[in-house]
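Sequence lines, in order, name chains A and B. Residues 1 to 694 (this note's numbering) are what the first sequence spells out, left to right. Residues 1001 to 1641 (this note's numbering) are what the second sequence spells out, left to right.
Please keep in mind that the hints were generated in silico from the structure rather than gathered at the bench. C-beta: ideal position from N, C-alpha, C; glycine also. Incorrect hints may appear among the rest.
Unchecked claim - Computed spacing ranges between beta-carbons, pair by pair:
1) Pro-1623/B with Ala-302/A: 24 to 34 Å
2) Asp-1549/B with Lys-134/A: 52 to 62 Å
3) Arg-220/A with Lys-1627/B: 33 to 43 Å
4) Ile-1583/B with Ser-256/A: 54 to 64 Å
5) Ser-1130/B with Val-280/A: 49 to 59 Å
6) Leu-1407/B with Gln-639/A: 48 to 58 Å
7) Asn-1105/B with Lys-266/A: 41 to 51 Å
As the list claims (entries may be wrong) - In silico DSSO-like links for lysine-lysine, alpha-carbon gap of 30 Å or less:
8) Lys-310/A with Lys-1069/B
9) Lys-288/A with Lys-1313/B
10) Lys-346/A with Lys-435/A
11) Lys-1353/B with Lys-487/A
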Amino acid sequence: MARNKEALVLLLDVGPSMHSRLPEIEKLSSMLVQKKLIYSKSDEVGVVLFGTEDTDNELTKEVGGYEHVVVLRHIRVVDVNIIDALRRLPKGTASSDFLDAIVVGMDMLIKKFGPTNKGKQRLCLITDALCPIKEPYEGTKEDQIDMVSAQMKSHGMRVDCIVVRENLPGAANQTVMDENDLLLNRLSKKTATKVIHVESATSLLGALRTRNISPVTIFRGDLELSPLMKIKVWVYKKTSEEKFPTLKQYSDKAPSTDRFATHEVKVDIEYKSVQDTEKVVPPEQRIKGYRYGPQVVPISSAEWEAVKFKPEKSVKLLGFTDASNIMRHYYMKDVNVFIPEPGNTKAILAVSSLARAMKEMNKVAILRCVWRQGQGNVVIGVLTPNLSTLDNVPDSFYFNVLPFAEDVREFQFPSFGNLPLSWQPNEQQQEAADKLVMMLDLMPSGKEEVLQPDLTPNPVLERFYRFLELKSKHPDADVPPIDRTLKWITEPDPELLSQNKSVIDDFLNQFELKENPKKNKSSRRLWREKPSASNEEKEGAQNDVSDIRSNNLITNSSSLTVEKIGKLTPVQDFEAMMQRRDSPEWVSKAIRDIKILILNLLENSLERSNCEMAIECLGALRRGCILEQEPKEFNQFMQTLYKTCKDRNLNHFLELLLSKHITLISKEEAVDSDVSDDDAKKFLVKIELTSQCN
Amino acid sequence: MDFNPEDLFRDDDDDPESEYYQGRESTKEFVVYLVDASPRMFYPASNAEDNKDESPFHVVVSCIAQSLKTQIINNSYDEVSICFFNTREKKNLQDLSGVYVFNVNEREYLDRPTARLIKEFSNIEETFMSEIGSQYGIISGSRENSLYNALWVAQALLRKGSTKNADKRILLFTNEDDPFGRIKGATKTDMIRTTIQRAKDAQDMGISIELLPSCRPTEEFDVSLFYADLIGLENVDQSQFITSTSEKLDDIKAQLRKRMFKKRKIKRITFSIANGISIELNAYALIRPTVPVNFYLSGAITWLDSVTNLPLKSERSSICADTGALIQEPARRFHPYRNDNVLFTMDELSEIKKVSTGHLRLLGFKPLSCLKDYHNLRPSTFLFPNDEEIIGSTRIFIALHRSMSRLKRFAVAFYGSSASPHLVALIAQDEITSSSGQVEPPGMHMINLPYSDDIRHAEELHMAIDATAPRAIDDQIKKASVLLKRVDLKDFSVCQFANPVVLYLALQRHYAILEALALGDDEMPETADETVPDEEGMARPVVVNALEDYKVSVYGENHDQEEAENNAAKSTISDAAKKRKAIVETAVQECANYEWADLADNGKLKDLTVTELKYYLSAHSLPVAGKKEALISRILTHMGK
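Please put together the full structure from these sequences, using the hints given.
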């Protein structure tokens, strides 16, 4: 087998308990194959299903047993058909025995490649491991695991094992689960097996690296603590951004009959002199110029080579320092991992002791690195300990690049303490924020961490490859809307929001947000650019008078676009419309519209909720009319309303009016009003009487 | 560098939505450095004996020189002018007394900084007294008002260009908090009035005036005496303006330098918290790599005609690879898949990338321990609240910030920018100050989290099968701890400008060379490498002892010896090397059996077999690859025939 070629057997559990998971498993496994089709075309893939109704595998024919295991596809070079097959996994009906499946998969690999050919061979098992595995004919289950792992080891097979479990119905056979987990752990200790437990659909999609990238060391050599003491290490990349694929430009010039057309576009760059735009300057007559201010300094590459900075290849320790001296946000780039030279016990011990000491004392190491000879610069970075959680994996270090002084821009920002008092949260607000930060928890106890980076797929790439597959079949297909499982990455989980509704509502009610109406973009006077404290306070005062604290939350978008008052959030719509300053029409329109709405609501006042909403709208209208100095509009409306209620015996509404103390707007509240304070009180009495009479 | 630097610095303006909210940010700066040159600026700044020659004037000059250097590298399209006031000589277009505009050849008064300007300005103190001179400009009995004149000159300089595409600033450096203190009566009020009016006029033209006071050791600089009115400070802002009366000159320098930077925000971000409620934040790039080489895209490198040294114009043209026809920018892209090309329109591609609105959406919170050291891909972005559009943003931001900081939690959010939508971590950073001013500003740092596609598991590559990996024992850890204590960098810091522990050496050298060439200096500058380990410190006996102890503890007593033996063994054991050696040896033997010169002369080489030809090649350590003809010609070339 070629060096980087891999043979993979997918072992998929399709038993009854897995049915709800099948859509994600279909997506994950077809994505895996799809990436192989694009990036490693010569890889070979086989598929085994277990927990199926039928039985179809070679072992059962040869030795019997191995029921409910179906070989969906023998190991063959990847092709298009397999994706279609994986898209439509059959729903099984039988109890699923993952050990049988492993043995069948292993047998397929051994038969295909024999004992001599030790290429990369991998089994990938996806199961919930909820069904008990059968008692073997001889020996214990543990013995069987040991036999299997001995075989795997001798053939150099690796296993990726994904255990999917979520919200277990009761303690669905806890003993079976525990036994299965023990068996899988035993397997993972004895072989190169990785067991990943996932709960949510999103993390199932991210549980497997779908694209194989053969790891390459950046550096192999000494980590020099000093000239006296060196540790042999290998450095790999730990993270590296998988970019959106670069698509080539398409040329449609070639005739459609030309089957060998590449349709590629070549880009040609010609350099022409400024004076004579017709003349093309040949490459040998070009020289690089480096800008320095307005000047351009010509330097040939030979000259540059002679003067440029050429450090020696080395990785040297500068010293240790407290972890708190290195802020997390200094990390500049993708991360490297330093592992001790494989098989070198001394190196493993040295890294282990250093890492553990650093962890204990909360220290980090600062290194100066030149990875390759001839590298044009040095890298300064921080080494942090990574203590291994797996027994068979040695301790290692993570390495993050730190900025140089030139990379840091030291902008000054005001201290929060120096900001005006009106911008500071008060005690209740702080309490509400504390609650929000605690309750909107993505690390619920006893459950899996939500959106753990290691298990979260890139929604954009996921979407691209799915669309690629779709388009290859239906060239005219539109981009489908984003998948539900992927939405959990880009949007807050609706379940989490509804669980914490009261906390969120309380938080939002504590704070008020307002569009700044005085924002004047043309003025560039420094002190006008920020809304000054004084006008902020004025606004605060207004709010107190009108007592609209709790309802004053408006969103940026709604306040910008509200053009009519809807039935869902009439109060907010009304307030937003009242605040629109682009035309004086808006205020009268808002008042007119909300009046109509209130009357409409009262038409259907049999529903209690309608009555309450009408009251809320009326309250908002009253506040608005006070703010905008339109008391007459309100008072007249109140009179009409009173009349309507009296005629139609809407006692319930009148009682609500009383309980909320909504009455006419008096002179004291708005100068333009012709209603005295007394009259306003009398109006309430009148309402009271009416409601009792009726 | 793995990423395109343009991507990082670009204002992500391709997003039409954000453009709508974004006030037009000007990209260019016009700056007038207005420096007080009164005799008072030449009194030593501090009483400390070690640096008694350093006057406030010196501090200001060195700060401006430093800032010019930064400008020429980072924002070389900025235009600057340096203007002294309270001078003996005068040099300005308006011919006003007491004001001297400093300049060099081939440069207008307000122009881009050049290498020569920086060089001559750095040395200005040597000639200042003789050529420009210092004297008090505002004295009783004279109606001269040098401050007024200076503002007038600065304003006239900044008349160039429109405020739409350039930020215009006057940076005023002085240590006199009461410039009209020497005069009295009606003249005084009159002068104050006219000077303030002049400043207001400038501000109305869109010029911002910023005060950079350098204080004297004994007194504080009192802005309320005069300058608060001049630069239009409100009461609240004044409290931020108190300069600490630091004794240390380095601190004063650091404070000045920090103030000279104009904060440039890269983007305005809408942070939606829940139920459609959003606040406004400004994003700043506090940490970004400065990349000197391979900077083709941003125009740091241009191609020149080596004959004329004039810049070349590049012309791109797209050519169809099949027909050779010239084509316009093609509208479609393709990706090979299933033995076919799958076509995409640009709209479809941007639709795929649009997985969310352009906002930053809060998803929830996690304890800080969930943020691992390997959860990093790119430099972080700094977020600070902004009440300009939505009043109340700052209050919510501060409340969340305090809660997160106290509860040791970070926020997870999704940032749906069109260029690279990403899951991000928001970490609350408390303000940290030192004697040199603010070291870490308060706010949140936004860190791009990797996806599972981006994380590799290299440490598991070499996992031991059916065996546990060795772990250090307590004694070894203890020895390591001792070593850690001995080799401790106490005040390691990456960001203290006054004390640049870590300088980007390659960059320093790059610009030092450019500067030398730009000025026509023949000498190549030497730059010291500050990043090499402290060898002296490492050679101290305590450190050496700790190292030796540790080494014995993990490697055993005879490590060096064993290592040497290992190496020796390796060189003899290596199979491939042995084989190669054997081949060469036999080749040399066999080779001697042939009369190569005769064979070559008679053209009989072609009668030999390939194996025979290879004897010659191997014996003379030449490559043995290729066809027979190639081997023969290689032999002939080697023999010089």
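Checklist entry - In ascending order, which of the hints set out earlier in this document are inconsistent with the structure? => result Going through the list in order, the structure violates hint 10 alone and respects the others.
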